[in-house]
Structure formats: C-alpha cells, structure tokens
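Listed here are the chains, written in short residue letters.
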Amino acid sequence: MGLAHAALIGFITVASTTSTEQSGLFRHLLPIFEKKTGIQARVVALGTGQSLDMGKRGDADVVFVHAKALEEKFVAEGYGVKRFEVMYNDFVLVGPKSDPAGIGGGKDIVAALRRILDKKAPFASRGDKSGTHFAELELWKAAGIDIAREKGPWYRDTGSGMGPTLNTASGMNAYALTDRGTWLSFKNRGNLVVSVEGDKRLFNQYGVILVNPAKHPHVKKDMGQAFIDWIVSREGQRAIAAYKINGEQLFFPNAE
Amino acid sequence: MKDIFLDLRLWEIVVLSLQVSLSAVVLATAVGLPLGAAVAVGRFPGRHALIVLLNALMGLPPVVVGLVVYLLLSRAGPLGDLGLLFTPAAMVIAQTVLVTPIIAALTRQAIEDAWREYEEQLRSLGAGRMSAALTLVWDTRFSLLTAVLAGLGRASAEVGAVMIVGGNIDGVTRVMTTTIALETSKGDLPLALGLGVVLIAIVLVINAAAMVIKEAAQRRYG
Amino acid sequence: MILPLRLEAVSFLHVIKPLSLELGAGPSTIILGANGAGKSVLMRLMHGLLRPTAGRISWSSNGRQAMVFQRPVMLRRSALDNVVYALKVAGVAAAERPAMDALKEVGLAHLAHRPARVLSGGEQQRLALARAWALHPEVLFLDEPTASLDPSAAREIESIIRAFDAAGTKIVMATHNLGQARRLADEVIYLHQGRVLERTPVAEFFSRPATAEAAAFIKGELPWA
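Protein chains in written order, with the working numbering: chain A, 3 to 258; chain B, 158 to 379; chain C, 15 to 239.
These are computed hints drawn from the structure, not numbers from a lab. Some hints could be false.
Unchecked claim - No farther apart than 30 Å at their CA atoms in a straight line, the calculated lysine-lysine pairs in the BS3-like style are these:
| id | chain 1 | residue 1 | chain 2 | residue 2 |
| --- | --- | --- | --- | --- |
| 1 | A | Lys143 | A | Lys70 |
| 2 | B | Lys371 | C | Lys233 |
| 3 | A | Lys109 | A | Lys202 |
| 4 | A | Lys38 | A | Lys121 |
| 5 | A | Lys189 | B | Lys159 |
| 6 | A | Lys38 | A | Lys202 |
| 7 | A | Lys246 | B | Lys159 |
| 8 | A | Lys189 | A | Lys84 |
| 9 | A | Lys202 | A | Lys143 |
The model shown is predicted, which means the values in this text are computed figures rather than measured ones.
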C-alpha cells in the first residue's frame with residue numbers, strides 16, 4: 003500500500019456494538035488507522051445502551067454506535083461533543099426456508115411483521131436494549147403493533163447478542179431481525195435464509211461521537227478526534243466501503 | 158480443523174491468558190500464603206469467623222468479582238484515575254481477588270494440620286510463633302504448591318471476571334475463555350474448539366501435576 | 015545451673031492436684047504411674063509447655079532443657095538438617111559440625127542425608143535424642159520414649175539415655191515400663207490420680223513400696239527385661 007508505518011504513540015478506547023465488531027469491520031479498519039496515525043483503537047464491544055453508558059461514565063474516549071435518537075440525546079445531555087454520521091448498513095429479516103408466514107422475497111418489512119403476528123410465526127428478538135433491538139421495536143411500532151401487549155409464546159426475547167439470537171432462531175426455525183454484517187459472517191445458519199430485505203426502513207445509520215472532555219478531563223481528546231477525523235475523511239470512508247464479505251459490501255459510507 | 162493450531166492468533170491468545178493468570182496467581186500467593194499461615198498459627202479474637210469467611214470466599218462467583226472490580230476501576234469509580242479498566246492489568250487484579258481466598262484458605266488448612274502435629278515439638282525447641290509458621294510453610298511446601306495450582310486452575314478457567322473488566326478487546330484483552338464465549342456466540346466454532354482443546358489440556362496438566370507432585374513428595378520425604 | 019526446679023503448690027485443672035516438688039541435679043528421676051495418672055501433664059508442666067492453673071514453677075537460672083516425646087516429630091528435611099534446625103533455633107551459628115557430632119553419638123551418621131520422615135520409628139527416636147544431644151541440655155525430659163518401639167529399638171534408646179546421664183544431663187523420664195524404670199532410675203516418683211504418693215530411691219520403691227496403690231501398681235504390671 004506504500005503507507006509509512008507510524009510509530010505507536012498511544013491508544014484510545016472506543017465503545018461500540020457487538021454487531022459492528024462481529025461483522026469484522028474493525029479488524030479490517032483499525033490496522034489501517036493505526037498504521038497511518040500510530041494510534042491503537044481498542045474497541046470494547048457491548049450493546050448500544052452499555053456503550054453509551056460507558057461514554058457517560060468516562061470509561062471510553064469515543065462512542066461509535068447506531069441508534070440516532072439515543073446518540074442525539076447523549077450529545078444534548080452534554081456527554082458527547084458532536085455527532086458525526088459515518089456509514090449505514092442495513093438490517094435483513096431472516097427466517098426459515100419453510101416460511102410459515104409466507105413473506106419470503108418481500109420488500110415490505112411492515113407488511114411482513116403484520117403477517118408474522120397474524121400467523122403467530124416464531125420470532126426471536128434480541129431483547130437486550132441494543133441498537134438492533136431498538137430498531138426492531140421501532141419497526142413493530144411502524145406496523146401499528148404494540149408488541150409489548152400483542153406478543154405471545156411465539157415471540158422469544160433472548161436477551162442476548164446478535165450471534166446467540168441467530169443461534170436461537172436457527173435452532174427454533176424462527177424469524178429474526180439481524181444486521182447484514184452479522185448475517186454474512188454467521189456460520190450456523192441451519193435452515194435460515196433471507197426473507198425480507200431492501201426496505202428503506204431497514205437502513206441502520208451509524209454515528210461517531212467524542213466523549214466530552216469537559217465532563218471527563220482525562221478523555222484522550224486529541225487522539226479521539228483524530229479517529230473521528232479519519233473515519234469521516236475520504237480515506238476512512240473508502241476503507242469502510244472496501245470491506246466486503248464474500249464479495250458483498252456491508253457498510254455504506256455517508257459522512258458529510 | 159487441525160490448521161487452527163497453526164494460526165498465530167490462537168497462540169497469542171493462549172500466551173496472554175497464561176500471562177494474566179500466572180501474574181494473578183503470583184500476586185495471590187504473595188498475599189494469600191502469609192495470610193493463611195498467620196491465621197493458622199495465630200490466636201486472636203474473631204479468628205474462627207475469619208476462617209469461615211476465607212473458606213466462604215473460595216466460592217466467590219467470578220462474574221460478581223468482575224462487577225465489583227469494574228465499579229472500582231471505572232472512571233466513575235474510586236480508582237478510576239488509574240486508568241486500568243479494559244487493560245490486562247485489570248484482568249490480573251480481578252483474578253487476584255478471585256484466587257487469593259483460595260490460596261489463603263488452603264494454606265490455612267495445610268498449616269493448621271501441620272501445626273497440630275508439630276506444635277509441641279517446635280515450642281519445646283523454643284521456636285516462636287512467627288518462626289514456627291515460616292518453618293511450617295517450608296515443611297508443607299508440597300501441599301502449598303497444590304494449593305497454588307488449584308488457584309491457577311481456577312484463574313485459567315474463569316470467564317466472568319476477565320470478560321467484564323477486560324472488555325474482550327481484540328488483540329488486547331481477549332483470553333482463551335472470553336474468546337471461546339465470543340466465537341461460539343458468533344457460531345464460528347473452529348477457533349473456539351481449538352482454544353477449548355488447549356484450555357482443557359492446560360487444566361489437565363495443572364491438575365495432574367498437582368497430584369503427581371504430592372505423591373512423589375510423599376514417597377520421597379514421608 | 016538451672017536446677018533445682020521448684021514446683022510450689024502446682025495444680026493443673028483436675029488432672030494434677032496441688033503438689034510441691036523439688037528436682038535437684040544428679041539422680042535420674044523416673045516418674046511412674048498408671049495411664050491417666052497425669053505423668054504426661056506433669057512432664058509438660060515442668061518443661062514449660064503447659065502453664066499451671068495454680069501455683070508456681072521456677073528454675074534456678076536460665077539454661078537449656080530439652081524434651082523427647084513418645085512419637086518423634088521430624089521436619090520434612092534430612093536427618094542432619096533436623097538437628098541443624100534445633101541448633102539454629104537455639105541460636106547456634108555454625109551448626110553443621112555439632113549436628114554431625116550428635117548424629118555420630120547416636121549412631122545415625124550414615125543416615126545424615128536421608129529424609130528424616132522415611133526413617134524407621136526407632137531411628138527417628140534416636141534422631142530426636144540426637145537433636146536433644148546437640149543442645150547439651152542440663153535437663154532432658156522424656157515422655158514414654160520407648161512406648162511405641164520394639165524391644166531392641168527400645169534398648170538402643172535406653173543406652174543413649176545412659177550416655178546423657180554419664181555426660182551430666184539430669185534425666186527426668188515418665189514411663190509405665192517397670193523394667194525400664196528399674197534399669198535407668200536412681201529415684202522413683204510415683205504419681206497416682208494427680209498426686210505424688212511416693213518418692214523413693216529405686217531399689218526401695220520396688221522392694222518395699224510404702225503405699226498400697228504403688229504396691230498394686232507394681233504387681234499389676236509384668237516386669238519386662
């Protein structure tokens with residue numbers, strides 16, 4: 003690649019989500035960043051709620067999650083400096099090949115959810131306050147369904163990460179909402195296939211925020227800002243687009 | 158599947174795991190062994206309660222230890238300024254907390270048993286309590302080694318504490334147990350299985366060594 | 015000179031009733047009595063391992079005394095190192111030489127580097143005596159030293175005890191072995207239920223015991239050669 007290898011000058015702690023980490027994006031992206039700047043970005047991958055909480059406690063320098071409403075609240079409450087849009091990926095609805103709800107090949111997620119409720123087809127939810135979980139709840143709402151009231155034994159709250167939830171869905175032949183990245187690298191598919199994709203409502207926007215040094219003076223603001231500057235720069239955005247699994251691009255850069 | 162053992166990543170994870178657990182056991186021994194010996198030969202009010210407490214603490218759930226250490230080391234916590242959270246040092250601290258009661262309690266038991274046998278003779282020779290305790294530590298060295306190996310086994314096998322305080326950061330705080338948990342949840346089994354094999358092998362060697370040492374010492378030294 | 019040892023109205027719980035005793039230098043004193051008479055407790059009181067619950071025990075000055083127990087207790091190290099240990103505790107700096115001499119005295123020099131705990135019962139008891147010998151004690155207490163040994167091992171122990179006596183160490187020994195008492199004692203203290211019933215020279219004790227209890231005791235036991 004011809005880049006000079008910068009000497010290691012320090013590290014920052016980045017709080018991000020398990021789905022982003024498990025997609026393998028960081029393993030692709032961070033060495034490029036480190037080579038260029040000499041900064042090691044250490045990613046602690048938790049759920050969105052936990053990651054933002056880490057930012058509030060000052061245990062991270064940068065927060066990099068995909069829950070716009072919560073991120074804006076984070077900045078508004080003074081925990082973060084400024085939110086930058088970075089990239090988006092999409093969610094897909096996966097389900098058993100047998101397709102009990104009859105939604106396979108569809109492009110309308112809201113209609114699909116209505117049919118799942120109708121047929122009481124098994125559905126595995128993350129139920130762990132993650133970005134994916136919030137996205138799923140928003141979609142039920144968009145379908146006009148109060149899922150808290152209307153759920154039954156067909157709706158399984160696994161309370162766990164994307165991988166384990168998919169394991170459960172695979173084991174139970176259930177539908178599940180997952181980010182494409184995790185799905186592409188998931189190796190335990192069983193009978194699961196993609197049932198619904200491409201709906202604009204399934205797009206998942208990522209934002210990156212520097213933890214506010216006014217609230218936490220120890221925050222590594224220069225190195226943290228360098229990370230943000232790089233990831234929204236042309237070079238960082240190109241690196242994101244270059245990440246592919248089986249030839250498929252997972253994340254679509256859209257920084258301003 | 159065999160190829161996984163050629164993967165450098167696997168061995169980097171193994172090496173980090175051993176570094177963390179061995180460091181923790183060294184620290185836990187430095188604290189727990191003198192503590193156990195002192196309690197064994199000492200006589201002070203509350204001694205019995207302390208012995209019960211030490212034995213009870215052997216059963217500390219690792220995940221709870223992780224939580225407590227996390228709260229201590231978090232920036233929002235009392236030791237936050239040390240900046241230790243999500244580093245291998247934090248994992249060593251958590252495992253030290255976990256293993257010290259094990260070593261202290263087992264040391265206390267071994268030395269108290271020996272004290273029962275030796276007390277009259279050592280006092281007859283004029284040895285004071287402290288000096289007697291040191292003598293007993295050397296005399297029970299094989300039982301104490303077994304206690305240390307028990308601590309090492311516990312540290313190597315736990316996942317709760319290191320996961321929470323280490324953050325399972327790729328290339329930095331990812332150890333065998335946390336990697337197995339992660340890879341399994343991803344449905345990505347070869348690395349998990351490979352590490353599982355190495356971990357089981359390590360634990361088996363530790364336990365077998367403890368037994369063999371004890372038997373050989375018994376035969377040779379009586 | 016640490017003797018005489020004075021016990022004044024010494025009692026210990028219900029085991030030793032208040033007794034007064036004075037042990038002077040010279041004669042080997044054997045304490046006889048049935049099991050449960052309190053011999054072991056009395057020995058430990060005199061040696062200082064137990065504190066009396068009433069009364070006073072006093073030595074005339076500071077000096078070395080040693081005790082050998084019925085079961086020898088050896089550290090997990092070589093025979094030589096066990097003797098060295100005792101010397102080090104007593105504050106002797108260059109301990110190796112005197113330790114080796116002590117082993118020679120009891121005939122264990124050839125086992126100097128053997129782990130002490132793998133030695134036979136008789137050898138370990140000889141080692142315990144070597145350990146005491148190295149200290150050159152003024153008084154040697156022995157609590158039933160041959161009770162766990164076979165007759166030939168017991169005889170070896172007895173000859174070492176005689177060597178102590180010849181070297182000037184005061185012997186105070188508890189035993190229930192009448193033959194041993196006859197062989198080694200100069201005077202006998204007969205203990206019965208925590209009281210000293212008799213204190214007489216050995217020959218007189220056996221031929222003309224003054225109390226009925228002592229007489230019964232002597233008759234009740236088979237004399238061993």
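Right, here's what the structure says about each hint:
Of the pairs offered as hints, the one joining Lys143 (chain A) and Lys70 (chain A) holds, with about 17 Å between alpha carbons and a cut-off of 30 Å not exceeded. Restraint check: the Cα-Cα separation between Lys371 (chain B) and Lys233 (chain C) comes to about 50 Å, which exceeds 30 Å; the hinted pair is violated. For a cut-off of 30 Å, the pair hint linking Lys109 (chain A) to Lys202 (chain A) stands: about 9 Å separates their Cα positions. For the proposed pair Lys38 (chain A) and Lys121 (chain A), the alpha carbon gap of about 53 Å is over 30 Å, so the pair is violated.
With a C-alpha separation of about 19 Å, the suggested pair Lys189 (chain A) and Lys159 (chain B) falls inside the 30 Å cut-off, and the hint holds. Among the hinted pairs, Lys38 (chain A) with Lys202 (chain A) is inconsistent with the structure: their alpha-carbon atoms are about 35 Å apart, more than 30 Å. Restraint check for Lys246 (chain A) and Lys159 (chain B): the C-alpha separation of about 27 Å stays at or below 30 Å, so the hint holds. Distance hint between Lys189 (chain A) and Lys84 (chain A) is unfulfilled; the C-alpha atoms sit about 37 Å from each other, more than 30 Å.
A threshold of 30 Å between alpha carbons decides the hint, and for Lys202 (chain A) with Lys143 (chain A) the separation of about 16 Å falls inside it, so the pair holds.
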